[in-house]
Amino acid sequence: MNEQRNWFNRQIRTGWTLLGGGLLLGIIGVFLPFAVDNLPFNSRTITGLGILLIGLGTAHLVRYNAARKDPKMAGRLMIEEKDERLQMIRARAGNRAYWVSAVMIYIGLMWASFSSNGSLPAISPEPLWYFLAAVVILPFGVYVVSLYNDMKIR
Amino acid sequence: MKNRIEDFRNRNDWTQQELADRTKVSRQTIISLERGHYNPSILLAFRLARQFGVRIENLFIYSESEEEEANE
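As given, the protein sequences belong to chains A and B, one line each in that order. If you're matching positions, the first sequence starts at 0 in numbering that gives the first Met the number 0 and goes up one per residue. If you're matching positions, the second sequence starts at 0 in numbering that gives the first Met the number 0 and goes up one per residue.
If you are wondering where the hints come from, they were derived from the structure by calculation, not from laboratory data. Check each hint, because a few of them may be wrong.
[Stated by the list, open to error] Here are the simulated SDA-like pairs of lysine to any residue, each with C-alpha atoms no more than 20 Å apart in a straight line:
1) B:Lys23 to A:Glu83
2) A:Lys81 to B:Ile30
3) B:Lys1 to A:Gly56
4) A:Lys151 to A:Asp69
5) A:Lys81 to B:Lys1
6) A:Lys81 to A:Tyr142
7) A:Lys81 to A:Arg9
[Said to hold, decoys possible] Facing chain A, according to a computed beta carbon distance under 7 Å, are these residues of chain B, among others:
8) Lys23
9) Val24
10) Ser25
11) Thr28
12) Tyr37
13) Asn38
14) Ser40
15) Ile41
Yeah, the Cβ is synthetic: ideal placement off N, Cα and C, and Gly gets one too.
Just need the whole structure built from these sequences, with the hints factored in.
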């Protein structure tokens with residue numbers, strides 16, 4: 000019972016940390032352009048990350064606070080989070096996502112190498128931005144799809 | 000790997016959720032095990048065998064030909 004309570008408290012703390020961090024980043028992202036002239040980057044990237052963290056933190060708090068009121072459900076939730084099959088599925092999804100990001104970064108590196116000696120055209124900032132965004136989003140997509148597929152009970 | 004989890008569970012008149020709670024895994028894991036889609040860790044195999052009061056080799060049926068097929 001103590002283990003369960005400690006685990007839940009840890010999850011609630013994580014939720015608050017995510018929420019707090021998200022709020023902080025969101026506020027920084029909104030007010031940074033007013034505080035610093037000619038920012039060398041778009042501050043919306045910081046705000047976006049903040050919004051993502053706020054969403055994750057809120058989801059965490061809602062999920063674990065709701066379960067905490069029902070000891071039976073809380074026990075099951077803890078067991079499901081520590082479930083060995085789920086951990087294996089997560090590890091497998093992470094492995095797939097890692098390889099996708101590694102391949103994309105390798106392609107980017109090769110392009111940069113070849114463009115430096117003129118074999119390939121240099122990447123202008125806009126396509127580079129989209130490429131880097133894809134390097135972040137695509138592995139995450141692979142992770143989510145992999146989780147979804149492997150969690151389906153055949 | 001084939002197993003007799005469903006057979007032993009039915010003998011004890013337990014639901015999948017009851018067995019999951021007893022062995023501290025999710026119900027989905029029990030379903031996957033029963034369907035032979037997931038091979039458990041040695042620790043879970045021991046926990047399952049202990050719940051049913053049987054030896055591991057009575058619960059899980061190992062066959063070399065199946066392993067060879069999986070490796071091909």
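query: Any CB of chain A closer than 7 Å to the CB of lysine 23 of chain B?
result: holds (5 Å)
- prompt: Can the hint on tyrosine 37 of chain B be confirmed by a CB-to-CB distance to chain A that is less than 7 Å?
  reply: holds (6 Å)
field: 20 Å Cα cutoff - pair lysine 81 of chain A, arginine 9 of chain A
entry: The hint holds at about 14 Å.
task: Identify whether the interface hint at isoleucine 41 of chain B stands, where standing means a beta carbon of chain A within less than 7 Å of its own.
output: violated (11 Å)
Restraint check for lysine 81 of chain A with isoleucine 30 of chain B, where alpha carbons must lie at most 20 Å apart: Holds: lysine 81 of chain A and isoleucine 30 of chain B sit about 17 Å apart, inside 20 Å.
task: Quickly compare the C-alpha distance for lysine 1 of chain B and glycine 56 of chain A to 20 Å and report which way the hint goes.
output: violated (42 Å)
task: Identify whether the interface hint at serine 25 of chain B stands, where standing means a beta carbon of chain A within less than 7 Å of its own.
output: Since the shortest Cβ distance to chain A is 4 Å, the answer is holds.
query: Does threonine 28 of chain B meet its interface restraint, that is, does its C-beta lie within less than 7 Å of any C-beta in chain A?
result: holds (4 Å)
- prompt: Does the nearest C-beta of chain A fall within a distance shorter than 7 Å of the C-beta of valine 24 of chain B?
  reply: holds (5 Å)
message: Using the nearest Cβ pair, does asparagine 38 of chain B come within less than 7 Å of chain A?
response: violated (10 Å)
20 Å Cα cutoff - pair lysine 23 of chain B, glutamate 83 of chain A: holds (10 Å)
- request: Could you grab the alpha-carbon distance between lysine 81 of chain A and lysine 1 of chain B and see if it respects the 20 Å cut-off?
  value: Violated, at about 24 Å.
Hints 3, 4, 5, 13 and 15 from the list above are not met by this structure, while the remaining hints are.
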